[in-house]
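If you're matching positions, the sequence shown starts at 1 in the UniProt record's numbering and goes up one per residue.
These are computed hints drawn from the structure, not numbers from a lab.
Note that beta-carbon positions come from the ideal geometry of N, C-alpha and C, so glycine has one too.
Keep in mind that the hints are not guaranteed to be accurate.
Computed spacing ranges between beta-carbons, pair by pair [unchecked claim]: (1) G43 with D113: 34 to 44 angstroms; (2) K62 with Y114: 17 to 27 angstroms; (3) D67 with L31: 12 to 22 angstroms; (4) S7 with P112: 33 to 43 angstroms; (5) P112 with L44: 13 to 23 angstroms; (6) P13 with T72: 27 to 37 angstroms; (7) D113 with P41: 41 to 51 angstroms; (8) K62 with M93: 25 to 35 angstroms.
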Amino acid sequence: MITARGSFRRLTPGEITLSRFLYKNAIDYSLVKVHNASYFPFGLQNEETAVTPNGELYWPKKHFREDFSTETTRYLWWFMHEMAHVWQYQMGMNVRLRGIMSWAVTYKYSLPDYYSLADYGMEA
C-alpha cells in the first residue's frame, strides 16, 4: 500500500520490532502515525528535516519511506531518533515547545554507559 502525499500510515510490524529493541514497551505503538507530509503549513518545514512534535512523525516527501525498518542505516538511525521524540511526548514532555527552543542545538554529546535513556532530556 502506498501512503499518499498529505496522508499518514501506522507503524509497520518491522518498525515496531526495531523500536522495541530500544524503547521496549515504553511507547504505545498503536498511537503513532507516520505522515507523508509537512507538519508546518506553507512549505515551512525544511525538506531535510523530519519533525515529531506531537507523538506523530512528519516526513518531508523526499525522505518519507513506506517502511523505515527496511531502509539504509542512515534512515534507520533517523527513524529511531524521531521515535525518541515519540517516547518523550508519551512520557509527558512538551516536545513542541522544547523543539521550538532547540533551533541552535548541536547533536554532539557523549553517551556514558552508566546513564539510562531516561537520564537524557531533549536536545536543548
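Each hint, compared with the structure:
no.	hint	in the structure
1	G43 with D113: 34 to 44 angstroms	42 angstroms, holds
2	K62 with Y114: 17 to 27 angstroms	39 angstroms, violated
3	D67 with L31: 12 to 22 angstroms	19 angstroms, holds
4	S7 with P112: 33 to 43 angstroms	41 angstroms, holds
5	P112 with L44: 13 to 23 angstroms	37 angstroms, violated
6	P13 with T72: 27 to 37 angstroms	19 angstroms, violated
7	D113 with P41: 41 to 51 angstroms	42 angstroms, holds
8	K62 with M93: 25 to 35 angstroms	28 angstroms, holds
Hint check: violations occur at hints 2, 5, 6; the rest are consistent with the structure.
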